[in-house]
Amino acid sequence: MTNHWVDLKNSDLVIVMGGNAAEAHPCGFKWVIEAKKDRKAKLIVVDPRFTRSAAVSDFYAPIRAGSDIAFLGGVINYLLSKDKIHHEYVKNYTNAAFLIDEGFKFEDGLFSGYNAEKRSYGKDTWKYQMGKDGFAMVDPTLQSPNCVFQLMKKHYSRYTPELVSKTTGTPQDAFLKICEMMAETSAPDKTMTICYALGWTEHSVGSQNIRTMALIQLLLGNMGMAGGGINALRGHANVQGITDMCLYSEVLPGYLSAPTDADVDRKTYLEKRTPKALRPNQMNFPQNFPKWFTSLQKAWYGAAATDKNDYGYDWLPKKDGAYDVLAMFERMHQGKMNGFFCQGFNPLASVANKKKVGDALAKLKYLVIIDPLATDTSEFWKPHGEFNEVDPTKVATEVFRLPANLFAEETASFTSSGRVIQWHWKAADGPGESKGDIEILAALFLKLKAMYAKDGGKLPEPILNLTWPYRIPAKPSPAELLMEISGKALGDVFDPKDKTKVIVKAGEQVAGFAQLRDDGSTQCGNWIYSGCWSQAGNLTARRDNSDPSGLGQTLNWGFAWPANRRIIYNRASCDLSGKPWDPKRTVIKWTGTAWGGNDIPDMRPDAAPDEGVMPFIMTPEGVARLFAPAMADGPFPEHYEPFETPLDKNPFHPGNPKATSNPAARVFKGDMETFGKVKDFPYVATTYRLVEHFHYWTKHSMINAVLQPDQFVEISEQLAQEKGIATGDKVKVRSNRGFIKAVAVVTKRIKTLDVDGKKVHTVGIPIHWGFKGVTKPGFITNTLTPFVGDANCQTPEYKAFLVNIEKI
Amino acid sequence: MQVSRRQFFKICGAGMSGSSIALMGFSPTSALAEVRSYKLAHATETRNMCPYCSVSCGVLIYTTGDKSKNAKADIIHIEGDPDNPVNRGTLCPKGAGLMDMVKSPNRLKFPEVREAGSNEWKRISWDDAINRIAAHVKKDRDANLIEKNADGVTVNRWNTTGFLASSAAGNEAGYLTSKILRNLGVVALDTQARI
Chain A
1 MTNHWVDLKN
11 SDLVIVMGGN
21 AAEAHPCGFK
31 WVIEAKKDRK
41 AKLIVVDPRF
51 TRSAAVSDFY
61 APIRAGSDIA
71 FLGGVINYLL
81 SKDKIHHEYV
91 KNYTNAAFLI
101 DEGFKFEDGL
111 FSGYNAEKRS
121 YGKDTWKYQM
131 GKDGFAMVDP
141 TLQSPNCVFQ
151 LMKKHYSRYT
161 PELVSKTTGT
171 PQDAFLKICE
181 MMAETSAPDK
191 TMTICYALGW
201 TEHSVGSQNI
211 RTMALIQLLL
221 GNMGMAGGGI
231 NALRGHANVQ
241 GITDMCLYSE
251 VLPGYLSAPT
261 DADVDRKTYL
271 EKRTPKALRP
281 NQMNFPQNFP
291 KWFTSLQKAW
301 YGAAATDKND
311 YGYDWLPKKD
321 GAYDVLAMFE
331 RMHQGKMNGF
341 FCQGFNPLAS
351 VANKKKVGDA
361 LAKLKYLVII
371 DPLATDTSEF
381 WKPHGEFNEV
391 DPTKVATEVF
401 RLPANLFAEE
411 TASFTSSGRV
421 IQWHWKAADG
431 PGESKGDIEI
441 LAALFLKLKA
451 MYAKDGGKLP
461 EPILNLTWPY
471 RIPAKPSPAE
481 LLMEISGKAL
491 GDVFDPKDKT
501 KVIVKAGEQV
511 AGFAQLRDDG
521 STQCGNWIYS
531 GCWSQAGNLT
541 ARRDNSDPSG
551 LGQTLNWGFA
561 WPANRRIIYN
571 RASCDLSGKP
581 WDPKRTVIKW
591 TGTAWGGNDI
601 PDMRPDAAPD
611 EGVMPFIMTP
621 EGVARLFAPA
631 MADGPFPEHY
641 EPFETPLDKN
651 PFHPGNPKAT
661 SNPAARVFKG
671 DMETFGKVKD
681 FPYVATTYRL
691 VEHFHYWTKH
701 SMINAVLQPD
711 QFVEISEQLA
721 QEKGIATGDK
731 VKVRSNRGFI
741 KAVAVVTKRI
751 KTLDVDGKKV
761 HTVGIPIHWG
771 FKGVTKPGFI
781 TNTLTPFVGD
791 ANCQTPEYKA
801 FLVNIEKI
Chain B
1 MQVSRRQFFK
11 ICGAGMSGSS
21 IALMGFSPTS
31 ALAEVRSYKL
41 AHATETRNMC
51 PYCSVSCGVL
61 IYTTGDKSKN
71 AKADIIHIEG
81 DPDNPVNRGT
91 LCPKGAGLMD
101 MVKSPNRLKF
111 PEVREAGSNE
121 WKRISWDDAI
131 NRIAAHVKKD
141 RDANLIEKNA
151 DGVTVNRWNT
161 TGFLASSAAG
171 NEAGYLTSKI
181 LRNLGVVALD
191 TQARI
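Which chain is which? The protein sequence lines are A and B, in order. Residue numbering for the first sequence follows our numbering, starting at 1 and increasing by one per position. Residue numbering for the second sequence follows our numbering, starting at 1 and increasing by one per position.
With the rest of the complex left out, here is chain A (with noise of 0.2 Å):
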């Protein structure tokens, strides 16, 4: 989230899209009701079902699944046409100004430089025009044909209310209500937020569902603003902190992008990751990821780290390739893997295709499972009849299972998805011989470092130069570690300003980013939570939760990445002159002297607003981009179809198979022959949770067993009376991959849709349940689902597919 949970409440217009919040966020979804309540706020949501978050809403419109690009295009559309915008926040805080190379093209569904062959763009016309003085071109006019604004215009204009109900089966009157609804807040005094979810980073074109809205919420000026922002409602309690601490395989913690192949050395590293502004005076904030990267190494191998050796670049794997979960499981299938771990993740129930996961497990090695919980995974290899068929004899993976602690047996800290850490205290120990976490890996690796030190082995140096100063080593304390992520000095520190004056003394906890150093001085596990525990001791622990500004944004209870900064991008929510857009919800303003406020300012302090330092620091032109090259399948975002689609072809591009869908997305060598098609598989499926279930665990408890105990599929009225099927008939849902049983619903909260002339029928999937769990033995929902990812991020898209219904 850009802002956070309490935040909610100061919003005027709420939009739940690609999620359910009433039902997968109860207690945060709070905060929406509050802002109706309080504020008179208007709740929107758009959705395939009527869902929990739609009963309580103002304004319902249904959407077919995996038609979100095509609806907020729609709405860019409408906004830029009537000119529904906040021009001056458009102006001077967006790159709409900038000139792009007059090379830069959109044709026929793809962008220039497309490489159908290998399913990917070469991006050499998608960038700015640079003058001769260095810097990025400009048209404050924006009247250039060239300038990202009226790039923007012309790419979205193809997006009209017809072709957007057509494609989206969305009635043109319920669109162009939201349209207008939404273009409100386009008055600089109001904002509109938007919770989104799963529902549309499960798409193969998630990342760009989300960059829709983002470039919505920019032409709206809703950016930094208290009630603003684009709230992404993540799922585990600390998924955003374990996404924070970068446990996957593209970035260190931190988000400091893995070193690859191409990175020689530790110069060439720094040199590709350390921009120059585009634009002049402006913070480029990433000019200082030398810092970061350095005080990383200098946690990780202390004194072993010096100038002289690279501080140990070399010791860091250098990535070739892709190796996100898909493609980990692509590697397994093949047989290029041997061992593989899942701590607290149970991939069986979890990724897409559950045939082509059973199968790559089949062929490791060893398989180690660390959870509290007897998962599906764990037992992959054991036949539970028709929920898992293998014949164990022909599994020759030796599996093994450590029991694991959960929250209650542990001192942690989480991370909210408003990007509130907090700290919280073991109330007991877990059953039997069950350990935590940290005390699993610690075991392991000192047997390993024993191991390596004894008898020799390959590269051992990164293994025994790795620092361990925990005062019991096979139990690092949660306390240690956090202090060790937030950072120290190794030596003095010295002010930049006075090379005299020491700012931390060697051997202090550093009190924030501010004071890292890329000379080897600092140590830091972790840029963006440095701070967290400072001189001033274990700041996440804080629990004074007043609230002087009313705005609930509680700058004493915990503490929030970056720097305690509880709304990102703040800056953004005054006017060029340092005054706040909407002064009854100030967020920050210039004092004069200073920016100030409630908030920490998210710009340097003593930055004078007439020095013209833009608000969005992360990018080096200081604006945010609503021209994006970075993305992979285009810099603006385009309607794709999923890969299994209803329709023959893309409704935007009629002519060109290439365009129907994602043209850059990877697809494994056999995988496009698994996805089905129309004739075969004439219904839209989508997942989704239930308010009494998360996830694959609760199947493990028994209350939410008792609320839920059986799996369900949900179907139209209309579907069900062409089927001949009725509420508690049992039937089989197939793709082209597998088939589940469930029972059947009936209900009017999914309707059939007209879409491009036809009829769709939509399928709803719950996905809990499994063959290990205290339910109902169930079907793993993801037999049904497809081993195809986002183009940028390769989240599989588990919420459009095509399969068939019957009853049973």
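Since the hints were derived computationally from the structure, they do not count as laboratory data. This one's a predicted model, so the numbers in the text were calculated from it and none came from an experiment. The C-beta atom is built at its ideal place from N, Cα and C for all residues, glycine as well. All clues stand as given, with none of them false.
No more than 20 Å apart at the CA atoms, straight line, and that leaves these computed lysine to aspartate or glutamate pairs for DMTMM-like:
no.	chain 1	residue 1	chain 2	residue 2
1	A	K363	B	D140
2	A	K449	B	D142
3	B	K103	A	E692
4	A	K267	B	D151
5	A	K365	B	D142
6	B	K103	A	E433
7	A	K776	B	D100
8	A	K447	B	E112
9	A	K363	B	E120
10	B	K109	A	E439
11	A	K449	B	D127
12	B	K69	A	E433
13	B	K67	A	D429
14	A	K449	B	D140
15	B	K139	A	E398
16	A	K394	B	E115
17	A	K267	A	D310
18	A	K458	B	D142
19	A	K649	A	E107
20	B	K148	A	D314
21	A	K447	B	D140
Taking CB as the label site, the calculated pair distances span:
no.	chain 1	residue 1	chain 2	residue 2	range
22	A	E184	B	D83	34 to 40 Å
23	A	A474	B	E120	27 to 33 Å
24	B	A150	A	E508	42 to 48 Å
25	A	T268	B	D128	42 to 48 Å
26	B	E120	A	D124	55 to 61 Å
27	A	A55	B	L40	33 to 39 Å
With chain A fixed as given, assemble chain B onto it according to the hints.
Just chain B, lined up with the frame of chain A:
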């Protein structure tokens, strides 16, 4: 003389009959409905967080015992933390059932192994588990860690063992996991954030 209803019963229990006390000229002042104090009043309260969705609701966990060395704490109740500015004491239908998650019959209690081709689990000791896993790891790493790529660039990656990391673990466990794995050379690393 102030006597509560509870003390009154106690006095009665000590041998005198109630009627005789009444005859002695005093009776309980206000008749409290409570016949025993709430067990939570004797429990230890620990501030914790719901592990489900990312609202990260504050919870209060009540355990028996006072956390003294020999007292085994047992969780007897979990409820929303009224001080938490986000959930303000509320919990949803998922969070309200946390006790049953902690006490799930499917909690793992001991390290186990399923041998190649076998159809059953076998209990093993932690030492055996760690020793066997470490042997697998070292063998695979020593055999397959790539020190230099075809162009002679030092790459030091080990991509034949993968790791999926938990979003239910704390930041500290997550950080330590990254610190260890990256320095073993692991690149095949992912988490729930992706899906």
